Structures are given as structure tokens and as C-alpha cells.
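K.L.:
One-letter residues, chain by chain:
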Amino acid sequence: MTTVRTAAAGLALLLAAACTVPTPPRSRASTAAGTACTQPQGAPGAETATTIDVIEQAYFCILGNYYSGATLDARSLLTAGFVALTQEINRNGRDVPEATMPALTGDRKADWTAFEAAYRKTTDQVPDLRDKLAIVTLEAIVAALGDNHATWTHDVERPPDYYDGDGYGLGSQANVNAPQMNGNPGAALPPLFVTTVQGGAAQAAGLRPGDIIESIDASAPFIDGKATPAITALYPQYPEARPVRLRLLRQTTGRRWSVTLKPGLYQRDLAALQVVQSKLLDDGIAYVRLAGFAPDSADRVLKAITRLRTGQPLTGVVLDLRGNGGGRPAEATRLLSAFTHGKVTAYQCAVDGTCEPMRTDDTVKLLDLPLAVLTDRSCASACEHFSAAVKDLRIGQLVGTRTAGVISGPARSYLLANNTLLAFPDRHHLGPDREVIDRIGVPPDHHVPLTPKDAATGRDPALAKALTLLHK
Amino acid sequence: MRQILAVTAGLAVLAASACSAPTPPRSDAPSATPTGPATLPAPTGPHPVGTTARYLKDTSRPDPWNLDADARELKVTLWYPTEHRDGQRAPYMTPKESELTLKGLGVAGVPYDTLSKTRTNAIHNAEPAGKKLPLVVLSPGFTKPMSTLTSLAEDLASRGYVVAGIDHTYESYATTFPDGRVTECLACDSDTDPGFGTGAVQGRAADVSFVLDQLTSKRNDSGLIDRSRIAMAGQSLGGAAAVAAMLKDSRIRAGIDMDGTTYARIPKSGFSRPFMFMGSPRHVPGGRDNSWSRDWKLLTGWKRWLVLSGADHQSFTDGPLLAGALGIKPAYGLLPAARSAELTRTYVTAFLDQHLKSQRQPLLNEPSSRYPEVTFCPATCGQS
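Sequences listed follow chains A and B, in order. Throughout the first sequence, residue numbering follows my numbering, covering 1110 to 1581 in sequence. Throughout the second sequence, residue numbering follows my numbering, covering 499 to 882 in sequence.
Quick caveat, the hints were computed from the structure, so don't treat them as lab data. Being a predicted model, the structure only gives us computed values, none of them experimental. We treat Cβ as the ideally placed atom computed from N, Cα and C, and that holds for glycine. Keep in mind that a hint or two might mislead.
Output of the computed footprint for chain B on chain A, the stretches with three or more beta carbons under 8 Å from beta carbons of chain B [stated by the list, open to error]: (1) 1378–1388; (2) 1403–1412.
Keeping only pairs whose Cα atoms sit at most 16 Å apart, straight-line, the calculated EDC-like set for lysine to aspartate or glutamate is [what the hints assert, rightly or not]: (3) B:K766 - A:D1162; (4) B:K555 - B:D677; (5) A:K1218 - A:D1162; (6) A:K1388 - B:D677.
Label-pair distances were calculated between CB atoms; the ranges are [said to hold, decoys possible]: (7) B:G808 - A:A1158: 49 to 57 Å; (8) A:A1226 - B:A606: 34 to 42 Å; (9) B:S748 - A:D1270: 22 to 30 Å.
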């Protein structure tokens, strides 16, 4: 457990959509280990600088273990790396005559040797940039996979005054959040508005849910209806600490004003951080909010429902998965197993098209209750696995907005020689009808988006719709 | 021991979505032939030791973990000096507690009642001896029954302390109540939630204050405990709870955290009561856990930060002493069990003797050639 918790030490990973799956039995892991990298056992040691040797390890780790590692054109990875390398040199106001891409043949080993020689010749000319160049090169190689569950976690720093449960940043969330800007910015819709104020600078400046963010550091959040990178500035990660200036509009009063918010650590409400929260709504409806498919979370949800059921009959369940960034696929399948038996909840498919079905665990007792699931554009990964199965297997109805479309496949972690973590899937995910969900998402059965006015007044139209459906 | 008992070490609990890989299969832990039941080392002080259990019920607050319990029930184990050398030795834990603990730890290959056969030194329900003795509250690591600090508790009692060890209900694999109920680890369900540690130590601080109320109330006062001399020590989450309890309850005059990542917020204005961090090498300054460095700056009174080379997270508990009985081969380079028990007992006692008995302890002022494993941080210990 320690391994990924440590990786998750970056507060930003609170929002992580990319998740790992359980470490396979040793036998399987050591097969993978035959190629360059192993799955981490226990907490990694202290990080050291990224070098060309680490990049080499990552390159062969990807080719040996990634979903399409056996078939992809490795030249595309090296080229992407070299592009990033040369751009970074230029960004530093420099250039190097030797910084030209070598000819590649398609022979993976020979191409690496050629790349490494060119890389060394280039970086030797700018020794002061060496560490930075190594980082951008490896980042670009990983990004070249075009896989939203391929990540390289490095240089994770935590604020020295951090306490368990603290947040870092401006202290608020907007309808377009950080994972959405990373994973599917194309899905973001105007206007940009505050949905939650958690603490910190946002709270001190008096921001409220529903406040429309008209500009960020004088840049528009949307141009021609498309999200701009300016939105990213709403979610600084430590050690980023540059103040962010927002122009705001409060529709209820027509007030228009500007605030400057300095990122920092802020305390969050512990009760609101619980991954499973539940309450009994009118007419015997159990409302359960699940913030992530964490270990044991399926059982926690089922326990909560059982508890609400003690003493009175239930008539339905609302499962609120808005903002659920995913987690373990096994937890998604386990929770689905309380609603249906004898079904396939998803397929994990190798690049050659062979798929392993993920079947319901029919030892889980059926709840036999109508289900409505609340989804939004931040329901990612395992959350989409769950939502797609609810829809395809006709377990219940989805209410809200389309899911994130960030579900290439469950990621496995690999430890690199400098104690940084590379993670990517070895299989890709398909829904129960063998449909691709990645980048597309799961559409709700009832499209109920949240408006700034709803946020300002605390109304929850998606929940209201779900209750109407369950009362029918 | 590490692989097996490291479950709580990972308690750090940082991220919400808990996209975590599970611990490796237990069968990976190096195994050895079980040695048969363990015998805890004899206490080193002059007094024979007695022990008894108290069951307390705090009706002023609901249980933080069991939402259906409107009161907080606690089991407190007391160790104290006695004059009785003969009598039945107290059981280490019940066979059922042993089973639940071994299952929780993922230990297989030995009979499930193995831990219940551990030989202790304290005489069961012996009459206490002494008046106005200093009191030490002990708090175990998350998931661990209080029994796992028995070696330390018995030693402190033999040196003239009353020890009150708290089983924080539902935070341990097993706690038995007089009516036969055995509570299990409900808190384990949510231990990956962000803020879990912060919430847990708040609850433990409330447990400690309630236990102090009960043990020192005029009504129950047998004259055994000196209410003005109270300290607290704990391992892992229990050590973190010592910080939290001291911040909340000024009756606790001094505290020790053994290898626990801390969670309670010390006010920026500082905290001046004596405190000692005692840890494994993962707790050197600049290590992965920022919490001791963060707190160190805010400790304004007498303070020490000791790191024991060769120690791991369980070195401050009975864990290494039990490893043989459980058929667990200690990790390479780990302090031998007898040595880690000796170091823990020696330095904890020195701290308490200095701060509760006003006996100056040169051992706490500088490194000692008798205990070369102990380094004084942050001054003379680098990042390993």
C-alpha cells in the first residue's frame, strides 16, 4: 500500500484519475521484470536526478510492458523526446549545433543507441540544463503514448508544514476541475464558476459557490466556447505559489470585482473528506456519496446501506459518484455485484484483441433496490467502469452529465532506478458491450447539468431528478 | 517482522482516491521455523509487577467508529508495582484476540492461538503497592492491541510507575469486553481516507482525557496515582496521539512518540512541555515523513529527537520479541529483539525519570558508548 500512497503524496493526486491495480502474483511480476523495470515493493527510497540511463530504463520498460509496447513504433517515442529536448533548450535562450535527430531504422535497440549518442552530445554542451532536459525528454516520451493512464511521477514535493487532510492551492473548486483540465479539457463548458469553497485564500476573499470566474490573470477561461490553459492556474501545485488574479461576477447581485488569491496550504473539513458518506433521504431513499473506489470502499457503501436499512425499509438508492476520480477496478466490480449477478462488468483487452472479462462476484448479497447514479465530467476511470456497467446491464439510471472519458485501462506502477514511478496500463478497458469508453465517456440517461444559479442557491437538480425517478 | 507488521506503517494515508496497490502477498514474508511461544524479557526494575483490566464507558460522546454506539467504551490495562511475587501470570491476550490479530496481520503457518501463549511477567490482579506513583499512559499503534506494548509496560511498572494502556476500541484487530464481546477494527475501513490520521488522534486524545478523569477522580482515588505526575508514550498512531492528547489536556506533563507520523496541529506560538521523538531511520530529518521536522520547530521546551539505527517501525513494540513464535525471520540488519526492547525500555525510562521523578539523566544529553545505535537528531544525524 505504501507505494502508491507515497506516489500520491503530491496533494494534486487527490484528484488522480489514473489508478493502479493490485500487484500481480510474483510469478507474473517477474516476467514483466525481465524487461528493464519492476513493480515497486514497499516505499521507494529518496528520489535522485533523472539521467539518460533512467530514460533508457523507462523506454525499454514501456516497450516491454505497455499495452501496445510490443507493436508500437518506438521511433515515435524517441522523436517526441527529442522534440521536447530541443524545444527546452530553445526555451532557455540557447541552442546546440549537435542537437539534431539521428536517423532511426526501426530497430529498437539500435535506435536507442543512436538516440542516446545524440542526446549525450547535445546535453554535454549545456551541462547546466542537464537535469531539466532529462525531465522534459522523459515526460515527452510518456506523453507520446497518448494514454491518459500513462504517467511518470517525479519530483513529488510536499509543503513542509503539511498536515494529513490539508489541501494546497487557492481553496476552491470550479465546475472545470484540475483532472478535467489534464484529462479532457475538450469537455469543459462555459461559463466557469465556483462550485465549492473549501478554505484558504478563496474562503478568506469571500468567494461563494456560483460566482462566475470571468478571467484568470487577465486571460479568458474560454475562447469561442473552448477551454483555454488559463483555467489550469486555478489549481496550482506545490511549490507553485504565484498569486492568481480572478475577475468575478456574482449573478445574484450583479456585483463584478477582482481578487488576488495566493496559493497555500489550507485546512479542510475532515467530515467532508470521508470517502464514503451516507444519509437517509425522505421516503426511504438511501443517499451514498462515494468519492473514490478506494480499498474496501464497496463494502463500506454496502455497510452504509445496510445500516440505513435497519429499522425501516428502503425504497431506493442514490449513489453520488460526482467527482469520483476512480480507484480499483475490483471495487467497482464488487459494488456492481450488489445489484446484479452473473454478468460481465467490463473487459480488459490486450493489444491483440484478446480480452479478459471482469465478472460480478456472485457471493455479494443482492440489495434488490432501485438505483440512480449521479455522474459528472469528473467521474473518471473506475467510476466510468461502474457507470458504464450500470447503464449496459440495466442496473439503474444515470443522472447528471457524461463521465470524464479517462479510462484507457488500469495502470500498473513500475519503479525506475532513480526512485521515480512510471505507471501505465498493460490492457485497455472496454465496457460490458465491448464498447470503448476511453475519451468518449458514459452518457447519462438523464442529462441534468449544474448551473451557476444552482451552485449559488445550493440546489441540486440532478439529485432532485434522481429522486423523481426513484419515486416513480 | 517488517513485511508482516508494516501494515500500520503505511497508515500515512495521504490521498483520497486511494489508487493504491495492495501490500504484497503475506507469503512473501521471509519465514522461519516457529520457535514455540514467546517469553517476554524480565522487567529490569526492583518491583514485582501486577496487572489488571478496567472497563470504562464514556457516555458523554458517541463512539467515533461504530455509528450505532452512543457511548465510547474503553478497555484500560493497568500495570503497577506490587509486593506479590507469586500468583498467576496475566495472559498476553485471549486465544480469540490472538486469532484476530494474526489474521489481521496476515500471519499464517502457526496456530492461531500462538500469541495467547506468550509468557508475561505481571501477576494477574495482584494488589498494587505504593502511594502517589507517577502515571504513564500508553497508546499502541493502529490495529494493534495494547498487549503489543507489554514488555515496555511491565518494565515501567517494575521501576515504580503506574501504567495505563488503552485499547482504543475499534482501532485494533481485537478488544474483548467483560460480556464476551470482541470488537474488531471498524476504523480499518476508512484508514485510507485523507485526514484519517488527523481524525483518529483527536479521538484518541478524547479517550486519554476520559481515562485520566476516571483514574484520577476523587471517587476512585486509592492514593496510588500522583495526579500531578502524568506522562504519555505511544508507538505509531499512539505516539501521534501523545502529541494530540498533550495539546488538549494539560494534565499530561511530558510525552514520547515512538516512530509515529504526527497529525495534531501544534499552535504556531509553540508548545513548551517536554517531548521526545524516538524513531527508526525512516524518521531522520529530511526523510519522507515531514511531520517530525514540522513539529520540532514548534517544540519550545525540553525536547529530544532520537533515531535508532537498525530499528524498524515495530522495534518499539513486542513485535520483534514475538517474531520467532510466529515463524517470521527478522529482516537483515534489524536490531535483535532483546536489544530493541532494551533500548526502548532504557530511553523511555530515562525520559520519564527525568521529567516525572526529577532525576537528571545524562543518557539524554548526548550519545552514549553503551548505546551506540542511538543518534541525536537533528544536530548529529544526517539523512541516511
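K.L.:
All hints are to be evaluated individually against the structure, with a verdict given for each.
P.N.:
Consistency of the hints with the structure:
1. 1378–1388: Result for this restraint: holds, n = 5.
2. 1403–1412: Since three or more residues must qualify, the claim that chain B covers the region 1403–1412 of chain A holds, with 7 doing so at under 8 Å.
3. B:K766 - A:D1162: violated, 44 Å
4. B:K555 - B:D677: holds, 14 Å
5. A:K1218 - A:D1162: holds, 14 Å
6. A:K1388 - B:D677: violated, 32 Å
7. B:G808 - A:A1158: 49 to 57 Å: violated, 29 Å
8. A:A1226 - B:A606: 34 to 42 Å: Given a distance of about 53 Å, which is not inside 34 to 42 Å, the answer is violated.
9. B:S748 - A:D1270: 22 to 30 Å: Holds, at about 25 Å.
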